[in-house]
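**Student:** As a plain string of letters, each chain reads:
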Amino acid sequence: MTKKEETTKTTYQLPIGPIHPALKEPVMFEFEIDGERIVDADVILGDIHRAIEWAGMRRNPIQIIYLAERICGICSISHPIAFIRAVENACDIGSPERAEYLRVIQAELERICSHMLWAGVAAHEIGFDSVLFLTWQMREKALDLTEYLTGNRITKGVMTIGGIRRDITKDQIPKINETLNYFKDNFEKLRHVFLDDKTFQLRSQGVGILTKEDALKLCAVGPTTRASGIKKDVRVDQPYFAYGDLDIDYITPDILTGEVNGDVYDRIIVRLLEVKQSIGLIEQCIDKMPEGDLVSEPKIPKLLAQIKKTKAEGIGRHEAPRGECVHYVKFNGDSEHPYTWKVRASTYANILPWIPMLKGEQIADIPIVAASTDPCMSCTNRVAIVDNDNHKKYELDKEQLHQLSVEKTRRLMR
Amino acid sequence: MAKGLPKSFKKALWVYHCNSGSCNGCDIEIIAALCPRYDVERFGIKLVGSPRHADVLLITGPVTRQMEKRVKRIYDQMPDPKAVICVGNCGNTGDVFYESYNLVGPVNNVIPVDVHAIGCPPRPEAIINAVAKAWVKLETLEAKK
Amino acid sequence: MTNTKKEQLDAKGLVKYFKDEFKTKILKAEIRTRTAGSKKNEFVEIWMKIDKSIFKKMMKHLCDYQFPHLAVVSGNDLGKNIELIYHFSVNFGERFKEISLNIAVDVPKTKCEIETICDLIPGALITEREKQEMLGVKIIGIPDDRRLFLPKDFPEDVYPWRKDKQPGLEKLIRNLHEGVKK
Numbered sequence: 001m002t003k004k005e006e007t008t009k010t011t012y013q014l015p016i017g018p019i020h021p022a023l024k025e026p027v028m029f030e031f032e033i034d035g036e037r038i039v040d041a042d043v044i045l046g047d048i049h050r051a052i053e054w055a056g057m058r059r060n061p062i063q064i065i066y067l068a069e070r071i072c073g074i075c076s077i078s079h080p081i082a083f084i085r086a087v088e089n090a091c092d093i094g095s096p097e098r099a100e101y102l103r104v105i106q107a108e109l110e111r112i113c114s115h116m117l118w119a120g121v122a123a124h125e126i127g128f129d130s131v132l133f134l135t136w137q138m139r140e141k142a143l144d145l146t147e148y149l150t151g152n153r154i155t156k157g158v159m160t161i162g163g164i165r166r167d168i169t170k171d172q173i174p175k176i177n178e179t180l181n182y183f184k185d186n187f188e189k190l191r192h193v194f195l196d197d198k199t200f201q202l203r204s205q206g207v208g209i210l211t212k213e214d215a216l217k218l219c220a221v222g223p224t225t226r227a228s229g230i231k232k233d234v235r236v237d238q239p240y241f242a243y244g245d246l247d248i249d250y251i252t253p254d255i256l257t258g259e260v261n262g263d264v265y266d267r268i269i270v271r272l273l274e275v276k277q278s279i280g281l282i283e284q285c286i287d288k289m290p291e292g293d294l295v296s297e298p299k300i301p302k303l304l305a306q307i308k309k310t311k312a313e314g315i316g317r318h319e320a321p322r323g324e325c326v327h328y329v330k331f332n333g334d335s336e337h338p339y340t341w342k343v344r345a346s347t348y349a350n351i352l353p354w355i356p357m358l359k360g361e362q363i364a365d366i367p368i369v370a371a372s373t374d375p376c377m378s379c380t381n382r383v384a385i386v387d388n389d390n391h392k393k394y395e396l397d398k399e400q401l402h403q404l405s406v407e408k409t410r411r412l413m414r
Numbered sequence: 001m002a003k004g005l006p007k008s009f010k011k012a013l014w015v016y017h018c019n020s021g022s023c024n025g026c027d028i029e030i031i032a033a034l035c036p037r038y039d040v041e042r043f044g045i046k047l048v049g050s051p052r053h054a055d056v057l058l059i060t061g062p063v064t065r066q067m068e069k070r071v072k073r074i075y076d077q078m079p080d081p082k083a084v085i086c087v088g089n090c091g092n093t094g095d096v097f098y099e100s101y102n103l104v105g106p107v108n109n110v111i112p113v114d115v116h117a118i119g120c121p122p123r124p125e126a127i128i129n130a131v132a133k134a135w136v137k138l139e140t141l142e143a144k145k
Numbered sequence: 001m002t003n004t005k006k007e008q009l010d011a012k013g014l015v016k017y018f019k020d021e022f023k024t025k026i027l028k029a030e031i032r033t034r035t036a037g038s039k040k041n042e043f044v045e046i047w048m049k050i051d052k053s054i055f056k057k058m059m060k061h062l063c064d065y066q067f068p069h070l071a072v073v074s075g076n077d078l079g080k081n082i083e084l085i086y087h088f089s090v091n092f093g094e095r096f097k098e099i100s101l102n103i104a105v106d107v108p109k110t111k112c113e114i115e116t117i118c119d120l121i122p123g124a125l126i127t128e129r130e131k132q133e134m135l136g137v138k139i140i141g142i143p144d145d146r147r148l149f150l151p152k153d154f155p156e157d158v159y160p161w162r163k164d165k166q167p168g169l170e171k172l173i174r175n176l177h178e179g180v181k182k
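Residue numbers (this note's numbering), protein chains in the order written: chain A, 1 to 414; chain B, 1 to 145; chain C, 1 to 182.
These are calculated hints, taken from the structure and not from any lab test.
Cβ coordinates follow ideal geometry from the N, Cα and C atoms, glycine included.
Be aware that a few hints might be false.
Facing chain C, according to a computed beta carbon distance under 7 Å, are these residues of chain A, among others [as the list claims (entries may be wrong)]:
1) Trp54
2) Ile93
3) Glu97
4) Lys217
5) Lys231
6) Gln238
7) Tyr240
8) Ala242
9) Gly244
10) Asp245
11) Asp287
12) Lys330
13) Lys342
14) Arg344
Derived SDA-like pairs (lysine to any residue); straight-line CA-CA distance at most 20 Å [claimed, not checked]:
15) C:Lys80 to A:Gly333
16) A:Lys217 to A:Asp40
17) A:Lys217 to C:Lys80
18) C:Lys40 to A:Ile286
19) C:Lys40 to A:Gln284
20) A:Lys212 to C:Tyr65
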């Protein structure tokens, strides 16, 4: 009599990671599974802890900009922006109006790159490699523009305290317009592929649901929280730079579908609409951008001397592609090194929401659900399935896990 | 094209990618090299999901304390002959992460590196060039047999 | 979570809301206004410092007003004390209305502990775990007290963000450029 009970109660443990294709940083998951269903999930972080904040407390703010840029290669504008805002906020340094518009252009361009990258990863996770290639081909266009405007593809090095280091001249504008038009022309194609495709719908609708209440409670940020129907976007809530001058509104999935489900599909909608929004914002910026200086204080030693004298603290917030990014700095008035520097990256806040999203889902859904909050990609993974009953250990590598996901797509297509 | 690369190859090159603590900048450039613009798959270069299938190890990042053992294990799992490419400045020299309490890099300290791809991050062209150089090593080893 | 929509308060109103309740236990309350853009749009931050004795009540009082978004908890080593700063944002969901609310509290190093707020805001778990290992602030009643970022074999009494001399930490510091083979 007890035997039957035991078999129904047995769950498996399934660790994923520490290197996982869908994660910003190598992270390790531990799942408790019952057959195909996930009963509980746990996240183990820290495999990529490089002690950046600790190192930052030994460098001066100008050096930190470049360190902040290398917190994440995909948010290489967002982290410097948040840091610069924190320093400007603490030391009361202003920046010229033109620089504030240029910063918005750079930030929005990064958002386009990042969301296109994500769209490709999401398609790859469910076995649509042709869509991965399609989106990454389109992404190259955005990268070309980034390179044209900043001189680099990934780490741009354009931000500085009190302004921006590179102007956008009149003769550069046709190239910007050309790229934006390319995205506008192809937007419908992209929308059709992601939102109308039956397989996409089957794999994403009703999967990885994050309720509005959970999103609020677990302090989710960015498209993840907006897809659950919470209107939270620093660009709108507390406009900084030129965002207050521009026409911008919250993007929630009900704009398109009239309802909020908080599933993976809704997160796709939010990101696609944000690409369109970013294009609009860049266009508005180019229209409205005033003439003027690029930096408020071109002499860096003078700037550093001012920072050295300051005894203050400040926070800088920026809506990065993945959500709000917060930096805190404190200067003690005796050194140009910040006394404290704290970074809160967007994914940091989107880790806990994974747990309710993954509970009750199937193993084959792990890649797409984990990817749906837009952590990042690295390319390998090892999964070991530990059978509690026999203490046998099976190993599933990234490819097999991916294969499971692909097979599920194929099953649904039939 | 890298010097010494023959006109025809003895085998297609399978690559395994390991992130030992990088910022993802190099990682996305590696994927960009695989995507339509650069499309290295036309040369037979393919990213594989297991080190046991790979000829070349692409390693990014300055190797965190937690990843040290795993990097060694991945290296040991690869069949001989093998080549290791360290992609990005931070894996090669430490770069901006030159001082830290949780890093054990550069990669050279952990596993032997054959090709250093420099840049933060290196462009996809530079990564492809590095892979071609690794190819030369493997082809030469093959020829000596 | 009873999110009965109370009337939205502006920065002054919010400070008054807390001062009425806790009086002198609020040691400092500063409203900071900065502008951005060519229209000089204002944004507001509140910086508060409170006494440790009212910490939990303060958090509850804040949640009674509105369920806040906790961005992160940051910490400063002030020598004898460790200052924890809870960065919240309230009034989001409407343009120009959001206020950043930063509540600081001092914790003495001799009795380095503070109550958890995970029961009020479950999303605080990750940042509280980080404070435990990085600053050595013991969080009382934390649902999960494992390490977060530091490796398992990291020495127990070494806290990287503290400013005092820590021989244990110095032993671990590596200069990567020295390992480059020439």
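**Student:** Check each numbered hint from earlier against the structure, then list the numbers of those it violates in ascending order.
**Tutor:** 2, 11 and 17
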